[in-house]
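Novice: Here's the letter readout for the chains.
Number of protein chains: 2
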Amino acid sequence: MAASESNQSNASPLLESVSLFQGLTPAERQEIYQAAHLRAVEKGELFFVQGEEAHTLYVLTRGRVRLNQLSPEGEQVLLRVIVPGQLFGGVAVLSGTTYPVAAEAVAASEALGWDGETMARLMERYPTIARNALRLLAERIQELQERYRELATERVERRVASAVLRLARQTGRKVEGGVLIDFPLSREDLAAMTGTTLYTVSRILKRWEKQGLVEAGRQRLLIRSPHGLVVLAEDLPPAMDAPR
Amino acid sequence: MAASESNQSNASPLLESVSLFQGLTPAERQEIYQAAHLRAVEKGELFFVQGEEAHTLYVLTRGRVRLNQLSPEGEQVLLRVIVPGQLFGGVAVLSGTTYPVAAEAVAASEALGWDGETMARLMERYPTIARNALRLLAERIQELQERYRELATERVERRVASAVLRLARQTGRKVEGGVLIDFPLSREDLAAMTGTTLYTVSRILKRWEKQGLVEAGRQRLLIRSPHGLVVLAEDLPPAMDAPR
DNA sequence: CGCTATTTTGAGATGGCTCAAGCTATGTGG
DNA sequence: CCACATAGCTTGAGCCATCTCAAAATAGCG
Numbered sequence: 001m002a003a004s005e006s007n008q009s010n011a012s013p014l015l016e017s018v019s020l021f022q023g024l025t026p027a028e029r030q031e032i033y034q035a036a037h038l039r040a041v042e043k044g045e046l047f048f049v050q051g052e053e054a055h056t057l058y059v060l061t062r063g064r065v066r067l068n069q070l071s072p073e074g075e076q077v078l079l080r081v082i083v084p085g086q087l088f089g090g091v092a093v094l095s096g097t098t099y100p101v102a103a104e105a106v107a108a109s110e111a112l113g114w115d116g117e118t119m120a121r122l123m124e125r126y127p128t129i130a131r132n133a134l135r136l137l138a139e140r141i142q143e144l145q146e147r148y149r150e151l152a153t154e155r156v157e158r159r160v161a162s163a164v165l166r167l168a169r170q171t172g173r174k175v176e177g178g179v180l181i182d183f184p185l186s187r188e189d190l191a192a193m194t195g196t197t198l199y200t201v202s203r204i205l206k207r208w209e210k211q212g213l214v215e216a217g218r219q220r221l222l223i224r225s226p227h228g229l230v231v232l233a234e235d236l237p238p239a240m241d242a243p244r
Numbered sequence: 001m002a003a004s005e006s007n008q009s010n011a012s013p014l015l016e017s018v019s020l021f022q023g024l025t026p027a028e029r030q031e032i033y034q035a036a037h038l039r040a041v042e043k044g045e046l047f048f049v050q051g052e053e054a055h056t057l058y059v060l061t062r063g064r065v066r067l068n069q070l071s072p073e074g075e076q077v078l079l080r081v082i083v084p085g086q087l088f089g090g091v092a093v094l095s096g097t098t099y100p101v102a103a104e105a106v107a108a109s110e111a112l113g114w115d116g117e118t119m120a121r122l123m124e125r126y127p128t129i130a131r132n133a134l135r136l137l138a139e140r141i142q143e144l145q146e147r148y149r150e151l152a153t154e155r156v157e158r159r160v161a162s163a164v165l166r167l168a169r170q171t172g173r174k175v176e177g178g179v180l181i182d183f184p185l186s187r188e189d190l191a192a193m194t195g196t197t198l199y200t201v202s203r204i205l206k207r208w209e210k211q212g213l214v215e216a217g218r219q220r221l222l223i224r225s226p227h228g229l230v231v232l233a234e235d236l237p238p239a240m241d242a243p244r
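Protein sequences appear in the order of chains A and B. With this note's numbering applied, the first sequence corresponds to residues 1 to 244, in that order. With this note's numbering applied, the second sequence corresponds to residues 1 to 244, in that order.
Careful: at least some of the hints might be erroneous.
As the list claims (entries may be wrong) - Have a look at the derived ranges for each label pair, beta carbon to beta carbon:
1) A/Glu42 - B/Lys43: 54 to 62 Å
2) A/Leu198 - B/Gln211: 34 to 42 Å
3) A/Gly74 - B/Pro127: 36 to 44 Å
4) B/Val230 - A/Gln50: 15 to 23 Å
5) A/Glu139 - B/Gln211: 53 to 61 Å
6) A/Ser225 - B/Gly23: 49 to 57 Å
None of these hints come from the bench; they were simulated from the model. Cβ coordinates follow ideal geometry from the N, Cα and C atoms, glycine included.
Using the sequences plus the hints, can you model the full thing?
Specialist: What follows is the structure, encoded as structure tokens:
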């Protein structure tokens, strides 16, 4: 299935910056691109739901996608936000199970998709892809372990600071006066990322606003002083005593 | 380097049940085995420390190994316990960074090790290994995400119940009267797995003991009623009212 | 311009942490 | 073989960070 019926366009602009396909020639990327199908999803719609049989591995090309995990009791955890160039759905396809998360487009989005067999074939033909995938998954594990530790040992304020910084690094857009998180992000979303409640997040943001660290609006967050948040996230004592 | 200088012994007993090497012929496993070096480590010693340049990927053949992550403030989190047949150190080797955790032998242990280049060569020759590795890492990610959600949304008692059940599944030994966790496990260890304190764990275990769910000794835990713990871990209400 | 989702704020409750003290197996050296 | 040292465990009391619940303010959107 061609990526888009009448479209013979070059894959390079889309795939050359995708880390899953690093180390391939333009011709190879073109072939990979031909094997993909493009899927567009409206804001608020889902690429897949949690528990669904995993068939397709996606690379986002436009928009923003959040990966939510729902607990048996119905509480949500926001595991990560996908930006263009990143892989999602891969974990489930590679382990041959059901999707462990839901993928919701938080803005109008498009992604290239390969079904499991196609991707297996491509990896066989181009072992570089498998190597890249291994590296990507390994990095994900490291990040998850890091965040697990954070959740287990740090207080809420610091966890929120880390989450905001991570979002800024991933999806931040430099604007006058700071870095803007470039998609609608509610207090509740931040709470679901950090294992707290929207009330606590609201209070924390208010405090930060008073300290001039951020500017928080409705589903909007502008980071005025990334450094200030780093200080919070890492417990660099602003004072001079008590190294604890 | 031969696995053990004078040892031409068959790899099968050691490697055939290792999921990283599933789908290979005995001859291939033998070759892989030849490329390994065996490392023995005393109880309490480390295979590697956190932050060390990652060179070797291990498969445990005897003993028990715990993977600890140390926070910048010096608090420990126990990420997982490795039992024979399982891979460890792989994440760091595959992503080409430093070990993100320390690996401590909690009993006298032995592991087969392959350095990064050797493993890369083997994977190139036997793509099946790479496929297996992808599957293993993908499963790890799923488990970590699950535990992350748990830590973010569940209360302490339930988290401890889940951790105990996980340990029982992994390292449990059936004995008269229940399932015994088969290595020394302190209250502090359980606390470090679940993001709480040893005091809280102590109280929880006492309560469980009174309910006849477990029998807790010094670094020793016997699960009398796995089902009872499952009920706790999953919030199946034992009473009939207040669905909350 | 009214409706609805989001956010703020207050007040009260509490789960779990902290710190302090005592207890008890287990191993060790005399 | 005993007495002591030690690591691991228990228990109590007080506290506090964070959650809960309730209500009001605000901001977009249709």
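Novice: With reference to the structure, classify each hint as holding or not holding.
Specialist: Taking the hints in turn, this is what the structure says about them:
| no. | hint | in the structure |
| --- | --- | --- |
| 1 | A/Glu42 - B/Lys43: 54 to 62 Å | holds (58 Å) |
| 2 | A/Leu198 - B/Gln211: 34 to 42 Å | holds (35 Å) |
| 3 | A/Gly74 - B/Pro127: 36 to 44 Å | holds (42 Å) |
| 4 | B/Val230 - A/Gln50: 15 to 23 Å | holds (22 Å) |
| 5 | A/Glu139 - B/Gln211: 53 to 61 Å | violated (43 Å) |
| 6 | A/Ser225 - B/Gly23: 49 to 57 Å | holds (53 Å) |
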